[in-house]
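First to last, the protein sequences are chains P and V.
Under the numbering used here, think of the first position of the first sequence as 1, with each following residue one higher.
Under the numbering used here, think of the first position of the second sequence as 1, with each following residue one higher.
Rather than coming from a laboratory, the hints here were simulated on the basis of the structure.
Hints may be right or wrong, so weigh each one.
Heads up, the list lumps identical chains together, so a pair's fine if it works in one copy or across two of them.
[Claimed, not checked] Below, in silico cross-link-like pairs of lysine to aspartate or glutamate (EDC-like), each with a Cα-Cα straight-line distance of 20 Å or less:
#	residue 1	residue 2
1	Lys91	Glu28
2	Lys72	Glu136
3	Lys303	Glu139
4	Lys91	Asp69
5	Lys91	Asp67
6	Lys303	Glu227
7	Lys91	Glu34
8	Lys72	Glu131
9	Lys91	Asp30
10	Lys72	Asp167
11	Lys91	Glu111
12	Lys91	Asp264
13	Lys303	Glu28
14	Lys91	Asp315
15	Lys91	Asp168
There are 2 protein chains.
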Amino acid sequence: MSGSPGIDDIRDAAQQISGQAVRTPLLENDTLNERLGGRVLIKPECLQRTGSFKFRGAYNRLSRIADADRHKGVVAFSSGNHAQGVALAAKLLGIPATIVMPSDAPAIKVEGVGRMGGNIVSYDRATGDREAISQELVEESGAVLVPSYDDPHIIAGQGTAGLEIADDLDALGVTPDQLVCCTGGGGLIAGTGMAVRDRFPDCALWAAEPEGFDDHGRSLAAGERVENPRRAGSIQDAIITPTPGRLTFPINREQLTGGVTASDADTLDVIAFIWKHLKLVAEPGGATAFATLLNGQVATRDKVTVVLITGGNVDPVIFRQALDRL
Amino acid sequence: MSGSPGIDDIRDAAQQISGQAVRTPLLENDTLNERLGGRVLIKPECLQRTGSFKFRGAYNRLSRIADADRHKGVVAFSSGNHAQGVALAAKLLGIPATIVMPSDAPAIKVEGVGRMGGNIVSYDRATGDREAISQELVEESGAVLVPSYDDPHIIAGQGTAGLEIADDLDALGVTPDQLVCCTGGGGLIAGTGMAVRDRFPDCALWAAEPEGFDDHGRSLAAGERVENPRRAGSIQDAIITPTPGRLTFPINREQLTGGVTASDADTLDVIAFIWKHLKLVAEPGGATAFATLLNGQVATRDKVTVVLITGGNVDPVIFRQALDRL
Chain P
1 MSGSPGIDDI RDAAQQISGQ AVRTPLLEND TLNERLGGRV LIKPECLQRT GSFKFRGAYN
61 RLSRIADADR HKGVVAFSSG NHAQGVALAA KLLGIPATIV MPSDAPAIKV EGVGRMGGNI
121 VSYDRATGDR EAISQELVEE SGAVLVPSYD DPHIIAGQGT AGLEIADDLD ALGVTPDQLV
181 CCTGGGGLIA GTGMAVRDRF PDCALWAAEP EGFDDHGRSL AAGERVENPR RAGSIQDAII
241 TPTPGRLTFP INREQLTGGV TASDADTLDV IAFIWKHLKL VAEPGGATAF ATLLNGQVAT
301 RDKVTVVLIT GGNVDPVIFR QALDRL
Chain V
1 MSGSPGIDDI RDAAQQISGQ AVRTPLLEND TLNERLGGRV LIKPECLQRT GSFKFRGAYN
61 RLSRIADADR HKGVVAFSSG NHAQGVALAA KLLGIPATIV MPSDAPAIKV EGVGRMGGNI
121 VSYDRATGDR EAISQELVEE SGAVLVPSYD DPHIIAGQGT AGLEIADDLD ALGVTPDQLV
181 CCTGGGGLIA GTGMAVRDRF PDCALWAAEP EGFDDHGRSL AAGERVENPR RAGSIQDAII
241 TPTPGRLTFP INREQLTGGV TASDADTLDV IAFIWKHLKL VAEPGGATAF ATLLNGQVAT
301 RDKVTVVLIT GGNVDPVIFR QALDRL
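Chain P extracted, bound-state conformation (with noise of 0.2 Å):
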């Protein structure tokens, strides 16, 4: 597949990966209706193998890649979720994987590449171009490039989350009114709005950042790809990206409704809430949509909201700053 991807490449995305990834379900909780006014169902993708949703979009792009060309090996660029992903997929599929990371990647991350058996490349991130790493390493090796984003296999893979969170709204007979998703590079929204869209067309969709790394929302309102001004400085690693994808950017211009923000502070307290009435680990860049409801950026008083937990990776001692405010 080359191009933009379609609701039959998420379907399609769906049989490959059926069997190796977490169906995940969608759970619901009293405590938070009840704070919100509203029904909130939530995707736990915390709970999908390497604790982020990222391997579903590794393993169907991995799976593509013909069986004469697997020794060559991958080569993924990330901080810590996608890296994981590529890594159990790689090593599923009896591939070789050499995995680009920055030097403050959570130690919790590195290490689970690690345990996969991904080979670790370090870079630093105010400095290095890990897009010119992840190249020269691609042309040494022969290896195939996995983008964590701009790849239409990798939206379909991460699409699949949209098909199973439609099949269980149609379940429950629950028609949402809008979705509100952690939002780096833009590949997850991108997926899963196309297959939340394809069943409930009215469904508006919300790119989630963190405060002062918006440039979805700030792409969205100029209608055109804008950077962020910095690279670093937040805990929400996990979707902390310069500007939105190449390809998933004409897809969420079309579908998405805007952006919405949460500070780090924001994603703390929604840590220990997410601990305290869901018990689910949830990591601060994957709290970040839940964390737009709590503080208000998205309005959910008699409104039907999903929200996505988009993954689970985070170090001890952050973990204890979040319940250290409860």
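Fit chain V to the given chain P structure using the hints.
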């Protein structure tokens, strides 16, 4: 229904709680499987409404109370998880609930009961008689006493977790060798064991208990109900009961293979493991069964093992102690 419940009562309970209880998934973890050299399938009942499986039985029981009797209310005694299950089921059904709780119950459980509108009566676990206190409340009000395990509707309700496990195993095409379940009064393992063995008759069942509170293990060995020497003194508060139930023990004597135990330290280690690798929040007495896999009491090599995480209502101070062990 009176007397001992059967598989049809469990199926009937599944109908009764459908749309009210969370249909929890069956999860699997690569790191865990590798470490244990077998395949482990995890039923995360910490994701159930009120944070433990207890809502299943409570809703099944309370929904059977005749309309004309509902205004008289219900009374339950519990260290916290059954209390919350009853309080929420009562709220949903419009029934007043009074809960008799030990004064040393975890704050998070007391708070949960209060949030759901339950009226709390405290007693001292070492000197008070919760059955006598409850009986007095029932005689005053005409309320229905809701036992935490010795009731056929409660056992059948808890058994719905086992039906879901059996359905998911079927869908995976997997035959379980054994199932390990945290055991207090024995209601969950009685119902769940019955449902799983109805589909997989050769599945062994293990009751997991706190070290020093192994009344089931010793009762199974003796062929009759024996008591624990102590009533308190473990952080695994959810499954500290004096002795196996009158109604549950005949069922469990028939179907269980034996008992296994975990120390408090084992459960703290496993809470940290579950946090790190499964992104779930377990409480000590909800992690006991899982701990008996990691401490080696249950042999898992080359076997398919089903394990239940039965609750996640843990106070932050205990949870921090678990994280400190990472």
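Now for the hints, and whether the structure bears them out:
When the C-alpha separation of Lys91 and Glu28 is checked against a cutoff of 20 Å, the pair qualifies only between copies, where the shortest distance is 16 Å, while the shortest distance within a copy is 34 Å. Taking the shortest Cα distances, Lys72 and Glu136 sit within 20 Å of each other inside one copy (14 Å), while across copies they are farther apart (75 Å). For the identical chains of this complex, Lys303 and Glu139 are neighbours neither inside a copy (51 Å) nor across copies (44 Å), given an alpha-carbon limit of 20 Å. In this homomeric assembly, Lys91 and Asp69 come within 20 Å of each other (Cα to Cα) only inside a single copy, at 15 Å, whereas the closest approach across copies is 60 Å.
When the C-alpha separation of Lys91 and Asp67 is checked against a cutoff of 20 Å, the pair qualifies only within one copy, where the shortest distance is 14 Å, while the shortest distance between copies is 58 Å. Taking CA atoms no more than 20 Å apart as the test, Lys303 paired with Glu227 passes in neither setting, with 32 Å inside one copy and 52 Å between copies. Taking the shortest Cα distances, Lys91 and Glu34 sit within 20 Å of each other only across copies (13 Å), while inside one copy they are farther apart (44 Å). For the homomeric pair Lys72 and Glu131, the shortest alpha-carbon distance inside one copy (19 Å) is at most 20 Å, but the shortest distance between copies (69 Å) is not.
For the homomeric pair Lys91 and Asp30, the shortest alpha-carbon distance between copies (11 Å) is at most 20 Å, but the shortest distance inside one copy (40 Å) is not. Proximity of Lys72 to Asp167 under the C-alpha cut-off of 20 Å is found in neither arrangement, the shortest distances being 38 Å within a copy and 41 Å between copies. For the identical chains of this complex, Lys91 and Glu111 are intra-copy neighbours only, at 15 Å inside a copy versus 45 Å across copies, given an alpha-carbon limit of 20 Å. Taking the closest pair of Cα atoms, Lys91 and Asp264 never come within 20 Å of each other, the shortest separation being 34 Å inside a single copy and 36 Å across copies.
Only within a single protomer do Lys303 and Glu28 lie at most 20 Å apart by alpha-carbon distance; the minimum there is 14 Å, versus 34 Å between protomers. In this homomeric assembly, Lys91 and Asp315 never come within 20 Å of each other (Cα to Cα): the closest approach is 24 Å inside a single copy and 38 Å across copies. In this assembly of identical chains, Lys91 and Asp168 lie within 20 Å of each other by CA distance neither inside one copy nor across copies; the values are 31 Å within and 25 Å between.
Hint violations for this structure: numbers 3, 6, 10, 12, 14, 15, all remaining hints satisfied.
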